[in-house]
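Asks: Here the protein sequences line up with chains Y and E, keeping their order. Just add 56 to the spot in the first sequence (first one is 1) and you have our numbering. Just add 1 to the spot in the second sequence (first one is 1) and you have our numbering.
Hints in this document: simulated from the structure, not taken from any laboratory. Zero decoy hints are in this set.
Here are the simulated DMTMM-like cross-link-like pairs (lysine to aspartate or glutamate), alpha carbons at most 25 Å apart as the crow flies:
#1 Y/94 to E/394
#2 E/299 to E/185
#3 Y/241 to Y/214
#4 Y/287 to Y/79
#5 Y/94 to E/337
#6 Y/287 to Y/234
#7 Y/94 to E/396
#8 Y/184 to Y/234
#9 E/190 to E/251
#10 E/338 to Y/79
#11 Y/241 to Y/196
#12 E/325 to E/419
#13 E/325 to E/396
#14 E/190 to E/253
#15 E/325 to Y/78
#16 E/338 to Y/78
#17 Y/287 to Y/141
#18 Y/287 to Y/95
#19 Y/287 to Y/155
#20 E/325 to Y/95
#21 Y/287 to Y/137
#22 Y/94 to E/328
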Amino acid sequence: MRTLLFCLVLAGGAAAAAPQFEDTMAQRTLACSACHGKEGRAAPDGYYPRIAGKPAGYLYNQLLNFREGRRHYALMARLLDALSEPYMLEIAQHFASLDLPYPPPRPASVPQALLQRGHELVTQGDAKAKIPACVQCHGERLTGVAPNTPGLLGVSRDYLNAQLGAWRTGQRRAQAPDCMAQVAKQLAPDDVAAVAAWLASQPLPADPHPIASLAQRPPLECGSAHFPTGKAP
Amino acid sequence: MTAKRIVIAATALAALAAVLVAVVAWLNLRGESEGPVEAGTAASADAVARGAYLVRVGNCIACHTERGGVAFAGGRAIDTPFGVVYSSNLTPDAATGIGAWSSADFWRALHNGRARDGRLLYPAFPYPNYTLVAREDSDAMYRYLRSLPATARPNTPHRLRWPYSTQSALAVWRALYFRPGTQESDPAKPPEWNRGAYLVRGLGHCSACHTARNALGASSDMMDLSGGLIPMQNWYAPSLTSRNQAGVADWELAQIEALLLSGLAPRGTVLGPMAEVVLQSTQHLSPGDAHAMAVFLKALPQAKDEARAPALPLATRVEERGAKIYERHCAQCHGDKGEGVAGAYPALAGNRAVNLPVTANLVQVVLGGGFPPATAGNPRPFGMPPYATILSDEDAAAVISHIRMSWGNRSGAVSELDVARQRSSTMP
Chain Y
57 MRTLLFCLVL
67 AGGAAAAAPQ
77 FEDTMAQRTL
87 ACSACHGKEG
97 RAAPDGYYPR
107 IAGKPAGYLY
117 NQLLNFREGR
127 RHYALMARLL
137 DALSEPYMLE
147 IAQHFASLDL
157 PYPPPRPASV
167 PQALLQRGHE
177 LVTQGDAKAK
187 IPACVQCHGE
197 RLTGVAPNTP
207 GLLGVSRDYL
217 NAQLGAWRTG
227 QRRAQAPDCM
237 AQVAKQLAPD
247 DVAAVAAWLA
257 SQPLPADPHP
267 IASLAQRPPL
277 ECGSAHFPTG
287 KAP
Chain E
2 MTAKRIVIAA
12 TALAALAAVL
22 VAVVAWLNLR
32 GESEGPVEAG
42 TAASADAVAR
52 GAYLVRVGNC
62 IACHTERGGV
72 AFAGGRAIDT
82 PFGVVYSSNL
92 TPDAATGIGA
102 WSSADFWRAL
112 HNGRARDGRL
122 LYPAFPYPNY
132 TLVAREDSDA
142 MYRYLRSLPA
152 TARPNTPHRL
162 RWPYSTQSAL
172 AVWRALYFRP
182 GTQESDPAKP
192 PEWNRGAYLV
202 RGLGHCSACH
212 TARNALGASS
222 DMMDLSGGLI
232 PMQNWYAPSL
242 TSRNQAGVAD
252 WELAQIEALL
262 LSGLAPRGTV
272 LGPMAEVVLQ
282 STQHLSPGDA
292 HAMAVFLKAL
302 PQAKDEARAP
312 ALPLATRVEE
322 RGAKIYERHC
332 AQCHGDKGEG
342 VAGAYPALAG
352 NRAVNLPVTA
362 NLVQVVLGGG
372 FPPATAGNPR
382 PFGMPPYATI
392 LSDEDAAAVI
402 SHIRMSWGNR
412 SGAVSELDVA
422 RQRSSTMP
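Using the sequences provided together with the hints, build the complete structure.
Replies: Take a look at the structure:
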């Protein structure tokens, strides 16, 4: 009931007074927030991921991946077709700069053994199956590493499942060397479910920002796009 | 019938067939001449730069590059009502590109629509326009393409239905609809007009979209620019000869130039396929060529206003629903009265694109959203969200109908079926 009331209040608020036009990046990127949620906080259905606060280089690479057919979603590709690389980077930087609170995670509704397996894979990997631990690249706190490695918390289980699945089948790709494709192809279907369930059930740490650099060299080489001339992420 | 008569009739038929074949063959080969063959010397940097510019004016890269592929290496699928045509590799790879082509071969492709090996080319490659390109421009383009890194990418075979897949069908089509030509200068018109005519009709190939095609994919008068639905893509390229569509006869030249160079003008914004044309081609026009195109487009003979039946008022239920959706999703940017925000969000009141008799574009924009092109003149465009996942066919039809019937707009409703058709043909 409280949720319903909250929704009604939101809907009422949206209809009552249209906000004034402001020449800001938020205004320019309303085309993004229609699906990715207000200010890029993610939509409640879990299909469109949160983009607010993800590292700028990661977001920029995803825009290029959609435009160049390494990721597939027709609505995204179509929005990007008329944009320039410097503007795409600016859009990426805009969403990366948003520092917004995260909602609490949904409690996992999977068997304890699966969660346990997920926890293991995330924190220790599986040497026998040649699976590195997520934390080795995505940071001890799993909040990502600037500029190109995304955090893994604060996205829905459905989204994580879908992305890992797409990487296993080659439906989602990245610039070469495509490190996540190598990792995902080592994961058994149950491993995907385990990792997604565990990650989606974790709260964000007190400091949810991507870390500046990893303490140790990551186990895999990952490809990323060059930034447009004269721009840094 | 006696045996003798049968023999006579058969002979006559055979002779007639032979004459027809000869006529078709002649119609296909007329106007071909070898012309000078470029020696294989290194081209000057100037000539290469000129070729690069002309290749941009022709927007060759748009079709000859597949999504995520190497520029000019071909492979992009072009959907046509007759099947799929794949663009070819224009890089100088000897085996798979144009590495073995001479400048005369290249000229023959542009001017006569025939490949180096003699094959007739499909007019998805707009040689009915490119035939007007001057030989020296063709040579400059050739030199630029030859300066690119060679990429080995074998051409993808077309997937066309029979009989369109045959060279003889293409020969008949060409006999009916294609004639090699040159752009003759009109001494009664100023030089800018003549330059504009050359660019718009030839390399710019504006008529490839802005002129309607018949059932065989041909333009009856390919230069009339009176608007056409782009096959398969379901975008309507509006008439450039109508003041109610995209005619610019009453625009200031500077505004026409601004639209070509930046995608944004006080009275219009480009979106959809034209956004890509501006992004990849017209924003790179030299000031002189942008001016020349504007002069020519402004001077196009304007058609009489088309008579349109007065629109029926909307059903109350549709109007109420449309108004509610407009308030919720559209008014924030386009304003309570469809007034828009100058430079950011187009006004919808009195907007020609909103009031077109063909509603394809409006449905496209509401379902798929989009950004105007990011150009030097408008580097950070404001975007329109896609509503395909938010609005049902009924909701989209209601809000579009509301927009077409409010604030002085009187263009009539869009049906749920119109939206559904568009959604199923062009949306994920």
